[in-house]
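Undergrad: Sequence:
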Amino acid sequence: MPSLPSVHRQVQLLTTPDGLPRPEDFTVVEVPVPPRASGEVLVRNRAFLVSAALLRTLIGAAAAGLPGPRPGDPLPGTAIGEVVAAPDSSGLRPGELVGHDLGWREYAVVPVDRCRRLGDSLPDPLAHLSQGWTAYAALTRTAAVRTGDTVLITGAAGAVGSLAGQIARRLGAARVIGTTGSPAKARVLTTELGYDAVIVRGAGPITTQLADTAPDGIDVALDTVGGEQLQAAVHAARPHARIVLIGALSAQLAAEGTGTTAPLELDLVPIVLKRISLRGSNAADHPDALAEWTQRFGAWLHTGNIRFPHTRIHGIDRAARAFQDVVEGRHVGAVLVEL
Numbered sequence: 001m002p003s004l005p006s007v008h009r010q011v012q013l014l015t016t017p018d019g020l021p022r023p024e025d026f027t028v029v030e031v032p033v034p035p036r037a038s039g040e041v042l043v044r045n046r047a048f049l050v051s052a053a054l055l056r057t058l059i060g061a062a063a064a065g066l067p068g069p070r071p072g073d074p075l076p077g078t079a080i081g082e083v084v085a086a087p088d089s090s091g092l093r094p095g096e097l098v099g100h101d102l103g104w105r106e107y108a109v110v111p112v113d114r115c116r117r118l119g120d121s122l123p124d125p126l127a128h129l130s131q132g133w134t135a136y137a138a139l140t141r142t143a144a145v146r147t148g149d150t151v152l153i154t155g156a157a158g159a160v161g162s163l164a165g166q167i168a169r170r171l172g173a174a175r176v177i178g179t180t181g182s183p184a185k186a187r188v189l190t191t192e193l194g195y196d197a198v199i200v201r202g203a204g205p206i207t208t209q210l211a212d213t214a215p216d217g218i219d220v221a222l223d224t225v226g227g228e229q230l231q232a233a234v235h236a237a238r239p240h241a242r243i244v245l246i247g248a249l250s251a252q253l254a255a256e257g258t259g260t261t262a263p264l265e266l267d268l269v270p271i272v273l274k275r276i277s278l279r280g281s282n283a284a285d286h287p288d289a290l291a292e293w294t295q296r297f298g299a300w301l302h303t304g305n306i307r308f309p310h311t312r313i314h315g316i317d318r319a320a321r322a323f324q325d326v327v328e329g330r331h332v333g334a335v336l337v338e339l
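Heads up, the sequence shown is in UniProt numbering, so the first residue is 1 and it goes up one at a time.
In short, the hints are calculated from the structure, not lab data.
The structure presented is a predicted model; accordingly, all values stated were derived computationally and were not measured.
Possibly wrong hints are sitting among the right ones.
What the hints assert, rightly or not - The following label-pair restraints were derived from C-beta to C-beta distances:
#1 Pro5 / Gly148: 53 to 59 Å
#2 Glu82 / Val269: 51 to 57 Å
#3 Gly119 / Pro215: 44 to 50 Å
#4 Ala203 / Asp285: 32 to 38 Å
#5 Asp285 / Gly148: 49 to 55 Å
#6 Ala37 / Leu273: 54 to 60 Å
#7 Val272 / Pro32: 57 to 63 Å
#8 Pro183 / Glu30: 31 to 37 Å
#9 Ala64 / Ala174: 29 to 35 Å
#10 Gly19 / Arg93: 24 to 30 Å
#11 His302 / Leu268: 27 to 33 Å
#12 Gly72 / Ala284: 36 to 42 Å
All residues carry an ideal CB built from backbone N, CA and C; glycine is no exception.
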């Protein structure tokens with residue numbers, strides 16, 4: 001292992017934004033490498049995930065007095081890194097790869113119970129930063145996708161959606177439909193990521209497009225967006241359809257507001273008459289799904305039965321711009337910053 005530097009760089013929130021954060025609301029600063037206390041692990045980060053929606057919500061929550069980053073605080077985020085030092089009782093050894101939630105910095109001091117040993121089950125260590133666990137837990141536990149289902153994935157080109165469609169197919173879905181923001185992304189989803197059809201936002205009412213694309217209705221919807229797209233999913237749902245809510249990008253990435261609320265009017269009549277279930281889902285509620293997902297993901301990657309769509313951005317100095325890229329939808333899949 002290289003010698004430990006005295007200082008490292010981290011991305012901090014510079015100002016509380018009025019609306020959606022922009023790169024100028026972040027700053028990269030050089031600070032001392034934090035000392036490790038008993039029960040903590042010092043990790044040299046290798047890469048972190050840029051989750052713009054989650055970060056925007058946390059910043060908005062902090063502005064309202066709830067837990068979250070405030071000006072001068074480093075930003076949180078899913079990361080992987082190498083153990084530099086750890087308590088003997090932890091079983092972690094220098095050089096071992098771990099996952100944690102203190103990204104956006106070069107070094108992190110992480111409580112032992114927040115470090116996850118990653119092992120070598122995935123052919124590319126950075127694949128541990130995928131959002132596949134979120135999609136897999138929602139589709140296998142909450143929605144329970146069945147053979148022959150027609151499945152709708154909103155926000156299909158995002159970090160979750162770009163894997164969710166492939167997972168639904170692996171679970172036996174007969175037809176997988178997505179939504180996205182541009183024809184170019186729609187082509188990627190249908191030609192490379194296994195979607196049967198993709199609805200493009202802005203090309204007409206979502207409800208009308210979905211009715212044309214799925215005239216017999218949908219059995220499952222995995223919704224990351226909310227808004228008009230969730231309304232369309234309810235309208236297209238078959239009897240006993242399962243709609244799983246895992247995000248609200250229509251509000252979280254809106255130019256105005258704080259990203260912490262997403263009010264929506266839904267027609268209750270079809271929900272009642274067709275006995276549609278709407279349920280929020282968080283992968284953390286299904287810890288058993290993580291090991292299962294990692295094993296299946298690794299096997300699928302090794303055999304070429306699944307792809308991990310992502311973009312790698314090199315250097316912490318480019319992290320704020322990477323955040324803006326995610327907000328603007330410039331990439332398909334996850335956006336990762338390598339250090």
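Undergrad: Could you run down the list of hints and mark each one as holding or not?
TA: Now the hints, each set against the structure:
| no. | hint | in the structure |
| --- | --- | --- |
| 1 | Pro5 / Gly148: 53 to 59 Å | 56 Å, holds |
| 2 | Glu82 / Val269: 51 to 57 Å | 55 Å, holds |
| 3 | Gly119 / Pro215: 44 to 50 Å | 45 Å, holds |
| 4 | Ala203 / Asp285: 32 to 38 Å | 35 Å, holds |
| 5 | Asp285 / Gly148: 49 to 55 Å | 27 Å, violated |
| 6 | Ala37 / Leu273: 54 to 60 Å | 58 Å, holds |
| 7 | Val272 / Pro32: 57 to 63 Å | 59 Å, holds |
| 8 | Pro183 / Glu30: 31 to 37 Å | 43 Å, violated |
| 9 | Ala64 / Ala174: 29 to 35 Å | 44 Å, violated |
| 10 | Gly19 / Arg93: 24 to 30 Å | 45 Å, violated |
| 11 | His302 / Leu268: 27 to 33 Å | 46 Å, violated |
| 12 | Gly72 / Ala284: 36 to 42 Å | 28 Å, violated |
The structure fails to meet hints 5, 8, 9, 10, 11, 12 from the earlier list, while all remaining hints are met.
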